[in-house]
Amino acid sequence: MTDPVPVSFTVNGRAVSVPVEPMRRLTEVLREQLGLTGTKVGCDAGDCGACTVLLDGAPVCACMVPAGRLEGADVETVEGLAGPDGSSSALQESFLRHGAAQCGICTPGMLMTATALLRETPHPGAAEVIDALGGVLCRCTGYRKIITAVMRANDPVPLAETPAAGGAVGARVDRLDGRPKVLGSDVFGADAWPADALRVRVLRSPHHRARFRFGDLDAFTAAHPGLVRVLTAADVPGRNLFGVIPALADQPVFAEGEARYRGEAVAAVVGEDAAVRHLDLESLPVTWEPLDPLLDPEAARAEGAPLVHAGRPGNVLARGLVRRGDVDGALSDPDPDVVTVAGTSSTGFVEHAPIEPESGFAQRVGDRIEIVACTQAPYMDRDDTAAILGLDPEAVRIIPTAVGGGFGTKLDLSVQPYVALAAWITGQPARLVYTRAESMAATTKRHPSRLSARVAARRSDGRLVGLDFSGMFDTGAYASWGPTVANRVPVHASGPYQVPHYRARSLAVHTNGPPSGAFRGFGVPQSAVLQETLLDELADALGRDRLDFRILNALEAGRPTVTGQVFAQGVGIRRCLEALREDWTRARAEVAAANARAEAEGRPERRGVGVAGMWYGCGNTSLPNPSTIRVGLTADGRVRLHQGAVDIGQGSNTVVAQICADALGLPLACVALVGADTDRTPDAGKTSASRQTFVTGKAAVLAGRALRDRILLRLNAPPDAALALDGTVLRAGERSLDLATLAGEADAHGLVLAAEETFDPPTAPLDENGQGEPYAAFGWGAHLAEVRVDLDLGRVYVERLICAHDVGRAVNPTLIEGQVEGGASQGLGLALMERYVPGLTEDLHGYLIPTAGDMPEVVTRLIEDPDLHGPYGAKGIGEQVLIPTAPAILNAIRDATGVVVRDLPVTPDRLRAALRAPLETPA
Amino acid sequence: MPRYVRARTLDEALDRLAAGRWRVIAGGTDVFPALADGQPGREDMLDITGLAALRGIRFDESARAWRLGALATWTDVRTAADLPPWFRALKLAAREVGGVQIQNAGTVAGNLCNASPAADGVPPLLALDARVEIAGPGGVRVEPLAAFITGVRRTTLAPDEMVTAILVPDPGRPGASDFLKLGTRHSLVISIAMVAVVLWRDEAGAIAAAGVSVGSCAPVAVRLGALEARLVGQPPGTDLAALVHESDGDALSPIDDVRASAAYRREAALTLVRRSLARCGEAAA
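From first to last, the protein sequence lines are chains A and B. Residue numbering for the first sequence follows numbering that gives the first Met the number 0, beginning at 0 and increasing consecutively. Residue numbering for the second sequence follows numbering that gives the first Met the number 0, beginning at 0 and increasing consecutively.
Just so you know, these hints were derived from the structure itself, not from any lab. In this text, all values refer to a predicted model and were calculated from it rather than measured experimentally. One should not assume that every hint holds.
Just the calculated beta-carbon pair ranges, DEER-fashion [to be verified]:
| hint | chain 1 | residue 1 | chain 2 | residue 2 | range |
| --- | --- | --- | --- | --- | --- |
| 1 | B | Leu34 | A | Pro155 | 27 to 33 Å |
| 2 | B | Leu34 | A | Ala218 | 26 to 32 Å |
| 3 | B | Asp256 | A | Asp291 | 22 to 28 Å |
Below, a list of computed lysine to any residue pairs in the SDA-like style, where the Cα atoms sit at most 25 Å apart [stated by the list, open to error]:
| hint | chain 1 | residue 1 | chain 2 | residue 2 |
| --- | --- | --- | --- | --- |
| 4 | B | Lys90 | B | Arg57 |
| 5 | B | Lys90 | A | Leu117 |
| 6 | B | Lys90 | A | Ala126 |
| 7 | B | Lys90 | B | Glu60 |
| 8 | B | Lys90 | A | Asp55 |
| 9 | B | Lys90 | A | Val364 |
| 10 | B | Lys90 | A | Ala57 |
With the C-beta cut set under 7 Å, the calculated list includes, among others, these residues of chain B facing chain A [claimed, not checked]:
| hint | residue |
| --- | --- |
| 11 | Thr8 |
| 12 | Pro39 |
| 13 | Ile101 |
The beta-carbon is built from N, C-alpha and C at its ideal position, and this holds for glycine as well.
Produce the entire structure from the sequences given, and follow the hints as far as they go.
Next comes the structure, spelled out in structure tokens:
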């Protein structure tokens, strides 16, 4: 480390003087030394722009400004945007109103970049905004709402909606946790730590598979002043294993003797902040002996392949099967009326790339441990960490921070065991912030897939007769959510259609890749790519319109799904597909005209349009997944909602409150949130499987109604009495009660009147043929993609996306649009650019996610076919939105070029090779 | 203990370089991402951003060249109002180096010193016959850019030298230039391939001289000399794209990597050259 030197500069107009390590990044000076944590760190490499500040008026990445040159500089951060009274600026208000902040982690960088633009150009056009914001990555929003918010920042900002009692559901209210996000004051995993916290860093395997031995770690510790401990497997007091499916927990906190993937933890250093920051981890005494890795699931299945886990023969983690009718008979039917198409597809690892790397701290409080970290699953974290520490679950308290994007990756443990062990063993608080490279190498990925399928329909009536699907998934080194993917895919691989004869088999295979886990859609986006592109080929083979063919075969209420489930209601796929018809007709005509022009002018450019449908079951597959909500009144006249469904940007804090307010019958403005905390909020389950609106939302309806009943009983008011809160006076129709008089009756949570209710969606187990009722409800949707293809370069430009979704009931249309736009952007990335290669793309310039200019206009069409079980008829939306985008884009590419590409991503070189192929190999 | 020095004068910087091993830092946009496990403060750093003499872009009458000081940023290039129209290729490249954050901090000279095969500044400056001005203990030397970069992340810069400016000669005749960069996404692209074309015209409008260069398709960006020779003498209105031969790709030695295959790169580079020639031809005709 370089000796600290004093520098004096101004931050947000205030003069500061601070000793700095001259090569320390400005981000660290702001965050660690000045306490200005509004400036976020996403990559430390200038790839994401989250740390954008204005340096002498110009946007720069603060992660690449050395502190030593700050003398005399003028620095502006997000904390400086609000007025002196803390009121938000017009730009911040515009972000809030237009839903431009979801998780909020990129928001400060977006705001600062936009601030510089708006000083020069107060009313910018979309192209100018895209140009300016191109250097800031967002993984949640799909950018469109951000672009709108910046364009309109200096127009009069519309007032926030403040619905009256009973009017919250359906209203475009501002996200309840949005203001701190736009002010830069929201606290994410890396944003808070006790002053005396030790720092933890993790040593990880640089090899895909390697044996290793440690040298003298005690001597190493002694030789490094400030270093307190080097933790290894030997220091784990409980079970050195974790995993989201308890029966299959197989991932060690620290590998023992052999590391099974590149990025696997083998040791952690714990010590004083500067000592650990400056420690060269490669100097730890460890000897590696690289072994031949299994990097391909086919190789892992080969006879004689080494076993990744001794107890899992053939490297098979899990299999899935759904079988109905006689698919072999149907597909081998010699009847010339039956037309069959077949194909294969493949996808690679896909990285979630939340802009917030995993981070948090832990502190020991007596015989308990508290973990404050970003997570999607607080109660699962609690139970797994307790097992690692050898403690009762109740001895562990999980306090989730704001989560800067998750998408499934923050369901699994990340920093939690390391900070917990460090704090437990040293007795001092300990913090850990993953680097971007570490986040990418160590955490879960979307399962790579190799799929094949045959699908048949009758020429005479256009009806599907059978679909035979087989999929191999690379589940990586550890179980994580591999079985969930293996189970969910066969249930969904038919798509939202009536398929009388069906067989879908799946296989999750271990390799020495990173653990494949949960990623928005649990394998269904991969299977939809194959199934929906084959449907286009089949429609063409039948001479039928591709959209009409889907509408003809769409599932309906009263018809069995491929698992034999029959819904009496809530099957909205036909309406979703029909909602695209006008655009389909328009786009087909525009494409034909544009292509005729391009052909006549000799331009190597073709346009195309594609559609794809989707269904997705809300909640766990045939497994219980209850949520519990507590709501009550305080003596000081507030409604307090104990809402434990972690909001990772998708909006559960807002949606659950909207639902509960209406069920209770009081205005949303009365509701105060008690955020997720395993000591304070009941278990609302994990934020995954598109279950929070549907399951926790329903629990909120039940709890709200129960509280209302309790109030009515207490006030002896009639069932239809309107409730009102006037200070501490609660009114129900003509009756009233001063809540202050109940202060003595407050329960342990400070509530004087309270209710707690649980909802577990009704499902039934799947039998050995996968027949049963896996979900209480499905979400339905269909996307239409319009693309332009540069034929000579193989480059695809998505020009417009039209997304129709049956959400049952749109609780907050702005938030749903945000989900649609963000999901579509991840679907676009899956289709065209995202490919994680361990060891090669461990940063955000090698691993590409869409930038602002990659996202086209997105038109969301919401269908509301109320669901029997859902709160006010609402269903999940989080994963549904990603599934149809990639296949719709692939179908549009085929429409434009005649070429079928199903090996994802369709990078320019792959598409160009496909476009050349017919020339080089004459048929 | 590693040192950090913010030099106040060029002489001080050169004295430091002569006296020890320093890593020079300007914009920091290549230095920081390349730090071993992201941790700064492990090597001696010489910060040259305080050297006011190295700032700015101006015309050097005596050299008949535009002088881009070593601290000139991409934003400086992009917003320089007085540059002649044939700087378009470099200005287009400047717009595509990272986002505005990188353009505000990163320097053109640093881009050359970093010597990445995918350096956005190299193809335009190569096509413009740029020279690199280098100061060292023995004084100042000027070297053609084509000679300065010798390989992947290798230059002729000695440990005791530093780049002080980039010199772009003004041949005193009308010219037009263009730049095309191909990647898989819209912004923040490390290119699959990129090309720069510069065409100089004589009084009759015929091409008097041409520069055509390709980046990301070889360890160092390359000029397509045979094509350039074919272009010279072409009268206005010629279909320049038609002059590109498949064999012009023989000058390239692309690799397969995560961004694209070698075969694709070679083909795409020539496609870009054709398009860039067409755009340039239109601009100048």
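Structure-based check of each hint:
1. B:Leu34 x A:Pro155: 27 to 33 Å: Violated, since leucine 34 of chain B and proline 155 of chain A (Cβ atoms, about 46 Å apart) do not stay within the stated range.
2. B:Leu34 x A:Ala218: 26 to 32 Å: holds, 27 Å
3. B:Asp256 x A:Asp291: 22 to 28 Å: holds, 23 Å
4. B:Lys90 x B:Arg57: holds, 15 Å
5. B:Lys90 x A:Leu117: Cα-Cα ~23 Å, so holds.
6. B:Lys90 x A:Ala126: holds, 18 Å
7. B:Lys90 x B:Glu60: holds, 22 Å
8. B:Lys90 x A:Asp55: Measuring from Cα to Cα gives roughly 23 Å; hence the hint holds.
9. B:Lys90 x A:Val364: Roughly 59 Å separates the two Cα atoms, so the pair is violated.
10. B:Lys90 x A:Ala57: Given pair lysine 90 of chain B, alanine 57 of chain A holds - Cα atoms ~19 Å apart, limit 25 Å.
11. Thr8: Not OK, violated: threonine 8 of chain B not within 7 Å of chain A, min 16 Å.
12. Pro39: holds, 4 Å
13. Ile101: holds, 6 Å
Hint compliance for this structure: hints 1, 9, 11 are not met, and every other hint is.
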